[in-house]
Amino acid sequence: MSGRRGGNRIRGPQSALTDFLAANNISAAQIRDDYERRRREAEQDAGNAGEGPSNAATEQTEDEALAVAAQAEEAEKKSKKRKRTEEEAIDKIKKAKATKKGKGKGKKKGKKDDLDDDNDDDADYDDDFGMYKKAKPVPGQLEHCDICNKRFTVTPYSKEGPDGGLLCAPCGKELSKDLKKEQRAVTKAASTGKKRRKVESDRLDGIAVGGAKSLSQLCIQKVAQHHDDIEELGDLPQSVLERLSEIFSKKRVMKSKTLPLFLRPDLDSVVVHDAAYLEEEDYQQIFAIVPNVRKLVLSNTCQLKDGAIDYMLERCHDLRHIQLYAANLVQEGMWHRLFREAGAKLEVLKLKWLDAAFEDLVVRDMVKYCPNLERLKLKLCRRLGEDAVVSISDLPELKHLSLQISQDVSTPTLVNLIEKRGSGLQTLSLEKFIDADDSVLEAIHENCTQLSKLRLSENDTVTDAGYTALFTDWDNWPLTFADFNSTRDIDNNNSEGPEDAIGLASSGFRALMEHSGAALKHLNIASCRHIELSAFMDVFNGAQNYPLLEHINLSFCNRADTSVVAGIFKSCPALKQLVAFGCFDVQDVVVPRNVALIGVPRAQDAIEQFGIGIGVDEAISRMVEVAA
Amino acid sequence: MASETDYVTLISNDGFSFLVQRSSARISPVIKRMLDPNGAFMEAKDNTCTLQNINGIVLEKVCEYLYYNEKHKDASDVPDMDFPTELCLELLMASDYLNI
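Each protein sequence line maps, in turn, to chains S and X. Using the numbering used here, count along the first sequence one by one with no gaps and you end on 628. Using the numbering used here, count along the second sequence one by one with no gaps and you end on 1100.
If you are wondering where the hints come from, they were derived from the structure by calculation, not from laboratory data. These numbers come from a predicted model, not from an experiment. Take the hints with a grain of salt, since some may be wrong.
[Claimed, not checked] Below 27 Å or equal to it, Euclidean Cα-Cα: the simulated DSS-like pairs (lysine-lysine) are:
(1) X:Lys1032 - S:Lys576
(2) X:Lys1071 - S:Lys576
(3) X:Lys1045 - S:Lys453
(4) S:Lys213 - X:Lys1071
(5) S:Lys368 - S:Lys250
(6) S:Lys251 - S:Lys213
(7) S:Lys94 - S:Lys150
(8) X:Lys1045 - S:Lys222
(9) S:Lys159 - S:Lys250
(10) X:Lys1045 - S:Lys213
(11) S:Lys521 - X:Lys1073
(12) S:Lys159 - S:Lys181
(13) S:Lys222 - X:Lys1073
(14) S:Lys570 - X:Lys1073
(15) X:Lys1073 - S:Lys576
(16) S:Lys352 - S:Lys368
Please construct the entire structure, taking both the sequences and the accompanying hints into account.
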């Protein structure tokens, strides 16, 4: 190209490209200008675009310029290619950095979308101007800082500045500090939302309705928070210890390390509500340290095996109360052995979630070897069926019985059970016996005179007439706990139910409250949707008084409305908790002091509404005002 | 029989005495019973309760709690009272004894 300088008029053949350009009216001057601009930039680069000075181009004639331009173009194409590969490399690095930043920020929860968008926008923006940016220098070279313009040596750790260039160490540190502050501010915005929910959840656990938490509660919370640092619990009384173990189980920190805190040789009960993390050695430790245990409560004991039971039978001879939930690794033979050896003294047995190893035969053995059993709870044991119920009817001392059996149990068997044991029963809970019918209630009416807790739930055969008959002229004293949830007709084609109502309905409900109103503490009539509004109004009309009623659950009784709730507040002076999910006619409730109203839906209100320090009368008058 | 004073004294087992309002002290059913003028307890006469199993530091926090409780009696969304972690277990025992 240098040979062309100086106005040499000898022209060789022109390239096909030049011809093409000329044919398409592409101006040489424009090409010249573009070329000069690009050359200037190439000079600013790492200096390997060593094309000659741009001055010469201005002196050449148009034709020469064209030729020069053509050659320059080719050279330029090469440099372009070089630059393109350089750009691509830069882009790749930038994209990688952008996604890394995005990912890192994405891990933290919060309103990240704005920031991510900004990042992406910046990246795109940068891409368009990529070719105007400086190329990233290799580590080891000297660079000028983007912010303070100081000279520094590039290292692999040099931070990238906002314009894409590199920063010196101090500026880099400042930048990352600012970034961190931003991130912290965003996470704070997210976590304040979580705190309110936690406050409400804590309140529901302690049923602390307004006012401050109790000091015991505050201390227990703090202990649970610092569970890692505690070495010994000292001389805490047993009730506090049990409360602490409940909280530890709830927070899922009951592990091999924290278990010894709850084991003392002088204790006579071991209560662990979440033993999922405990292993073979831990169980052996329990029985080794507390050989005099009388009450053993282990829930979620998935890892309890034969070896541990064997050791227990060896060491502990005073067991009265055994409660093992989910002890599925214990073999059948071991269950037999357990009842044979420890059965004589056993008074309370509660087993849930058992599977293949616990069958009707085991129940028969249990009945044979545990004559003193007073409390029995068998729920969700998959293999138990009719034979088990037949065996249970022969337990002489049975006072509290709670059954939930998934296999079919015929009604005569149930009736037989109640006839045999009914006179001694104080608690009877039959859940999910879907086909049990009126004859069961008749049997209860005839045979049970000492019941204080009755539950018959999830049944769709017993009729309202049956319930009415049960509670009318019943020799039993008033119940303290009545649970008839989910007793209703299930027929998708007929949601109102048949003419003769199925399940606890209006007349049954009236009869129940008539019979037990004076002593009732817990009432659960959830999903008894055939109870009419008139029945509610008759029962809860302010004139009646239910002095001991503390917990009411009328979820999904869709006939109940605001006046019913007002009536409840008036009639139940001792009310602590009213659960009313799915009662859509209940609106605008003003909750009096000490009452927790749970489940009344309005988009703006909290799902739990707590009494706000006003009396019942004032609350009702306010509700009347609102309704009027 | 001394008349019902506004303030009562709580004494710890290491000799510290704390003067608190009667209304706050009665938040603890145990103290309330001790100070009940109708009861026959000596404490009711001199309006003083000696708590033999609680030491001074813990009793100070207990008094703080009594005031905190009374102040927030009708409020909702109350912030938790703060106390040093080392006191935690002793405070738990004291709160269990005093039933607060």
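So, going through the hints one by one against the coordinates:
no.: 1; hint: X:Lys1032 - S:Lys576; in the structure: holds, 24 Å
no.: 2; hint: X:Lys1071 - S:Lys576; in the structure: holds, 22 Å
no.: 3; hint: X:Lys1045 - S:Lys453; in the structure: violated, 46 Å
no.: 4; hint: S:Lys213 - X:Lys1071; in the structure: holds, 12 Å
no.: 5; hint: S:Lys368 - S:Lys250; in the structure: violated, 37 Å
no.: 6; hint: S:Lys251 - S:Lys213; in the structure: holds, 19 Å
no.: 7; hint: S:Lys94 - S:Lys150; in the structure: holds, 23 Å
no.: 8; hint: X:Lys1045 - S:Lys222; in the structure: violated, 37 Å
no.: 9; hint: S:Lys159 - S:Lys250; in the structure: violated, 45 Å
no.: 10; hint: X:Lys1045 - S:Lys213; in the structure: violated, 31 Å
no.: 11; hint: S:Lys521 - X:Lys1073; in the structure: holds, 26 Å
no.: 12; hint: S:Lys159 - S:Lys181; in the structure: holds, 17 Å
no.: 13; hint: S:Lys222 - X:Lys1073; in the structure: holds, 22 Å
no.: 14; hint: S:Lys570 - X:Lys1073; in the structure: holds, 23 Å
no.: 15; hint: X:Lys1073 - S:Lys576; in the structure: holds, 17 Å
no.: 16; hint: S:Lys352 - S:Lys368; in the structure: holds, 20 Å
This entry does not satisfy hints 3, 5, 8, 9, 10, going by the numbered hints stated previously.
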